[in-house]
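Given only the sequences and the hints, what does the whole structure look like? Please build it.
Residue strings, one per chain:
Number of protein chains: 2
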Amino acid sequence: MEVITEINEMRARVLSAKDRKRSIGLVPTMGVLHDGHISLIRSARKENDEVVVSIYLNPTQFDNNDDFDKYPRQLNKDIDVIRKENADVVFAPCTEEMYPEGFCTNVTDDRLSDTMCGRVRPGHFNGVSTIVTKLFNIIQPDLAYFGQKDYQQSAIIKRLVTDMNMEIDIRVCPTVREEDGLALSSRNGRLSPEERQDALCIHGSLLKAREMFASNIRDAKEIIGEMTSVIKDAEYTKIDYISIVNADTLEDLSLINGKALAAVAVWIGNTRLIDNTILE
Amino acid sequence: MEVITEINEMRARVLSAKDRKRSIGLVPTMGVLHDGHISLIRSARKENDEVVVSIYLNPTQFDNNDDFDKYPRQLNKDIDVIRKENADVVFAPCTEEMYPEGFCTNVTDDRLSDTMCGRVRPGHFNGVSTIVTKLFNIIQPDLAYFGQKDYQQSAIIKRLVTDMNMEIDIRVCPTVREEDGLALSSRNGRLSPEERQDALCIHGSLLKAREMFASNIRDAKEIIGEMTSVIKDAEYTKIDYISIVNADTLEDLSLINGKALAAVAVWIGNTRLIDNTILE
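Chains as they are written, first to last, in numbering that gives the first Met the number 0: chain A, 0 to 279; chain B, 0 to 279.
Watch out, some of these pointers could steer you wrong.
Note that identical chains are pooled: a pair holds if it fits in a single copy or bridges any two copies.
As the list claims (entries may be wrong) - Cut-off 20 Å, straight-line C-alpha distance, at most; resulting in silico cross-link-like pairs (EDC-like, lysine to aspartate or glutamate): (1) 17 - 141; (2) 17 - 166; (3) 220 - 179; (4) 207 - 178; (5) 207 - 177.
Just so you know, these hints were derived from the structure itself, not from any lab.
Just so it is clear, the structure is predicted and the values come from calculations on it, not from any experiment.
If you want it as structure tokens, here you go:
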């Protein structure tokens with residue numbers, strides 16, 4: 000497995016793969032890989048000739064410096080993990096190359112980011128769209144893999160690829176969970192044991208939404224009310240948002256009448272966690 | 000020569016060219032081709048195996064509907080002109096395909112568009128950046144050609160290509176002028192005979208700037224003052240801006256101490272014209 004840190008070297012490797020008609024699968028990550036990332040790498044391994052895993056902690060998608068500073072980093076450990084999964088390349092560029100002096104172009108989403116995480120994290124999704132566009136242009140993947148936990152991100156990237164006429168298929172893979180239901184996240188490591196216990200309310204609220212939906216309840220307000228109760232029952236929680244939206248347009252729903260998404264963001268102490276489930 | 004109106008067909012043609020290792024030169028236009036465009040096509044013809052000329056009147060880069068409505072259109076005549084220049088493909092997509100329902104991604108410039116035309120035409124350069132990104136992704140040119148008359152546009156696109164890690168060389172070709180100095184523009188056709196005469200003041204103001212620069216005058220305010228007088232001497236003119244800026248960063252200069260650009264935008268009656276010259 001190659002570890003590439005320079006854009007030109009990555010590009011040469013891509014050109015060589017393209018010349019040999021080898022398909023490329025990309026798993027973009029910010030490092031601190033967990034089983035969720037590994038499931039993406041395994042999916043990529045099954046479907047592509049070459050698998051590239053990028054590791055880049057993109058500063059422009061953090062809406063506060065504290066979160067960026069606290070975000071964990073473990074490059075060498077990540078490289079070992081990726082090697083075991085038989086990826087072909089780890090691409091780990093530096094910020095000096097990704098955002099050189101004078102950088103001033105950004106890719107923006109003007110609709111799908113108006114809700115949910117976009118509403119409470121200004122600039123976050125533009126940071127994501129910009130870095131993903133750059134990675135796509137450097138690596139030119141045929142397929143790119145994202146996790147359903149970041150549902151809004153996947154929706155924005157799917158739209159970006161369509162709108163910008165990129166020939167890339169976006170694969171959204173199921174959220175990987177701990178046995179007790181907590182969605183894997185690089186931020187989970189920040190939780191104290193008590194917070195870790197409280198964090199279960201997130202998945203609990205989604206199970207409640209599914210249960211109500213299964214009982215033919217379609218009133219979003221009613222479902223959100225019950226989800227709110229589940230989360231408020233936990234001690235160290237503060238709700239950032241609970242949304243029920245159209246799964247394609249991400250528009251808030253009052254009545255569920257098609258494929259919908261129930262999504263939550265909750266502060267557990269000082270750590271913000273998100274999760275979601277499809278209702279259909 | 001092929002005339003292609005569908006994105007998928009254009010893409011297939013591009014893939015076939017890439018497979019045969021044929022280089023692609025792109026000349027993006029909004030139609031109503033004049034000798035300025037033709038000089039771009041000829042440059043492209045010299046440097047590339049395949050020459051694609053796109054014709055698309057991009058609605059999102061017009062900051063007012065009146066200008067968009069008044070902008071001339073003559074597709075069949077343009078196709079004849081391009082055929083005579085031995086281009087390989089005219090790509091003339093429709094708006095339904097370029098901006099399908101739900102379109103919500105844009106490419107923005109956050110610095111170079113803060114000045115000159117960007118200051119007086121809000122949204123214009125984001126419209127340009129977005130459509131150019133789309134055309135670049137569809138046509139995947141090795142080289143793309145722009146005219147120096149739209150200097151700020153070229154600067155923004157060069158930055159876009161660097162920032163977004165696109166492997167495309169941007170060629171900026173000299174402004175083509177009428178014998179009396181007026182820069183060719185698709186908007187010139189709107190001028191009455193009197194306005195056409197008055198429009199000469201634009202080039203006149205640039206000659207004045209060059210003359211002062213040649214006499215070792217480096218004070219931007221002094222040069223702008225004289226340029227203003229030249230333009231105000233003409234009857235039907237209203238100055239939109241006269242700027243002297245760093246030719247790379249487009250930042251306003253008070254003292255010229257490196258490669259600079261003198262740029263003007265002037266309303267001649269109801270028609271807004273732009274022009275510029277390098278001072279070095």
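Q. Which hints from the list above does the structure break, by number from lowest to highest?
A. 3
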